[in-house]
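Chains as they are written, first to last, in the working numbering: chain A, 1 to 419; chain B, 1 to 356.
What the hints contain is simulated information worked out from the structure, not anything from laboratory work. Heads up, a few of these hints could be off.
[As the list claims (entries may be wrong)] Example chain B residues on the side facing chain A (calculated, C-beta under 7 angstroms, incomplete): (1) Pro47; (2) Arg93; (3) Asp214.
Using N, Cα and C, we set each Cβ at its ideal position, and we do this for glycine too.
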Amino acid sequence: MKLKKTFTAALMATTAIGGAAAAQTELALWYHGAGNEVEGKIINQIIDEFNASQSDYKVMIESFPQLSYNDSVVAAALAGNLPCILDTDGPNMPNWAWSGYMQPLPIDEAEFANFLPGTKGIYDGKLYSIGLWDAAVALYARQSTLDELGLRTPTLAEPWTGEEFMAALDAAKASGKYDYALDLGMNDQGEWYPYAFSPFLQSFGGDIVDRSAYQTAEGALNGDAALEFGAWWQKLFAEGYAPGTSEDPADQQTGFIDGSFAFQWNGNWRAVATMAEVDDVLFLPAPDFGNGNTIGAGSWQFGVTTSCAAPDGATAFIEYALQDKYLAAFSDALGLIPSTASAAQMTENYKEGGPLAVFYDLSAEQALIRPVTPGYVVEAKVFIKALADIANGADVADTLDAAVDEIDADIEANGGYGH
Amino acid sequence: MASKLTTSNRAGWGFALPGFALIATFIILPFFLAFLFSLTNQRLISPNPTEFIGLKNYRDLLSVAVLTIEPERDAAGEIVRDDAGEIQYPRVRTITRSGDFPQYKGMREWFRWQSGDDAKVVIAKDVVFMKALRNTLIFVLFIVPLQGGGALLLALLINQKLRGINIFRTVYFMPVVISIVVVSLLWRFIYDGNDGLLNNILNALSFGLFEPVDWLGNTDTALGSIIAMSAWQAVGFHMVIWLSGLQTISPTFYEVAAIEGASKWQTFRFVTWPGLRNTAVLVLIVITMQAFALFAQIDVMTNGGPLDATQTLVFQTVERGYGKQDISGGSTISVILFLIVLAISLVQRYLTRERD
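Excised from the complex, chain A in its bound form (with noise of 0.2 angstroms):
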């Protein structure tokens, strides 16, 4: 009903100022975030806005859920039928832009120089993507919480220790007041994964594939540092700390607003709802494993396709887009982070001293691109299953051996995907 609502929406809103000229080159954009009423409120503004602005071109979009979206253009792409502008999540543009479904933006990359790293897709030395905002991770917790189990409240610069960390999850194991000790979001298998979990293989050491070449995940993600890595997951689960992957949604939304775990580690984009229930949350940095602290970066961006007939048309469309004045509308209504310190300045959580000021400086600190290969789509999902087959109890070694094996072999019937 909602995806029709906005998709109806979006239709009147592009109709309606249809028709002025007849000269104009339409322009189809598609995005991600059916369903989502105040991010389609927000992206329209912009069509209308720079429909109106000019003449020549006239920007039509079309919303997908989500959860489809992605298969919704790999098929698209088949049959030929791409838009002119495609929203790409940040991850998955070098599998497209390899296929030859995406071209370079013929923008001068310097104007990009104060924007977020994780907010431009660069693939093959060129930039393919740009994105109006970024999303950072980080551990949900009260302050309350804290004072109460006597925890050191950690800070970028001091971050919690493995040891740190293990010792917080056993004192609000111990203190009984939680259903679990933390929540880690393993009911939704999907790009919530490498995203949010990847991270934390890096900061023991390992990697989801060897980025010095990224024809191999030999070594980086069945290693000593991913084996060791793989204990201490399974250990979250087999130990009572988090819930499992047959987590109830549900419970999962709500569980840290009502108490019932005292860490969660998720998104910033759940940040404005939760600081609405919980007066003393805080956002604090992930812990560090031995090889520094990282955070996953790299959200959706708007990128041009190679079927597109009027390539400048939508390059000025997304430039247009990118005004500080838009990354802040975003920021403010969805808690994104806006992808510029000037548009940061402009919004309410953002900005110096807002809120979720934090989430500015992880994303600028700590920010790392899950893997920038047009094997990443597979490899992604690998992740996944090795991720949740271990917290389920599969043996760690084997599992993570297996995942390299499919990596490996998928990396060689693609012939090394061009690297």
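Knowing the structure of chain A, use the given hints to seat chain B on it.
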């Protein structure tokens, strides 16, 4: 017969043409394409040219080997045992990942058993596929009698002239009309491990003695839960087919049986069941084929987990072909699935043939 189909039947062929064209485009053509793709390295989207690679896809799926692993021995040659007295074996990965045995490269343990002091380990190139195959066969094995038998029972119950019988007919048929995706979502709530409906009911019935079970999150109960829910969902459809079969049986047979003093069981055994012969063959084959195509429930409820306890062939086909962009791998599974279903259907046809 042939002449009747080919001559003087232009209108008939004309009417059939649209149907034939659709079936040819969307079923027959893709079938041949799948067969073709399974011999290549076709990707979903890729700039690389498609290459013919022979039977590699089949080898990658079906390769199986048995390893005999000797126990670990300490310096004195004694077998090493852990605290519980279990014999300790070297890890399979020391064999599959060493350069000494290139023939086992990329294989992993599927299952093992003990023979004497040695362990026999079955390793497979694609354990997930093997588990999917096993789960699909178990699913079919359980769903055919459950759904077919349950449907017959319901059909017998509603094949009576009672007031308000249509209400029952409607109620039993309702799950068939609702989209399987919606049904699966609802059952996910029912099976919820914390406060799901099923756990709550069992808890109430046992006066709180019942320990809540995470039905879909437990490797022992996940597939069973899917089987029960699937049987319930489609039972109404086959009930209607049984019902139509029941209603073709002439009432005079029943009158004769009554006059002859046949018991209820005798009436069923010698009047009803022989009258349902053709219906039974149809129901059996349709359920078997549908059961092999198990996908939506898995996709919505478990994603094949936990630990591959609910992987199925069609789910893996989609997962590989679309999710992992490996069209050739997906095609290979669907060709294998086709051969299995074909073989089983032929056997069923043979076993249920008319014996004159």
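(Q) Quick check on B/Arg93 please, does its C-beta sit within 7 angstroms of some C-beta on chain A? (A) 6 angstroms, holds
Q. Once the shortest beta carbon distance from B/Asp214 to chain A is found, is it less than 7 angstroms?
A. 5 angstroms, holds
Q. Taking 7 angstroms as the limit, does the beta-carbon of B/Pro47 come near enough to a beta-carbon in chain A?
A. Constraint on B/Pro47 satisfied, holds at 5 angstroms.
Going down the numbered hints, you'll see the structure goes against none, and every one checks out.
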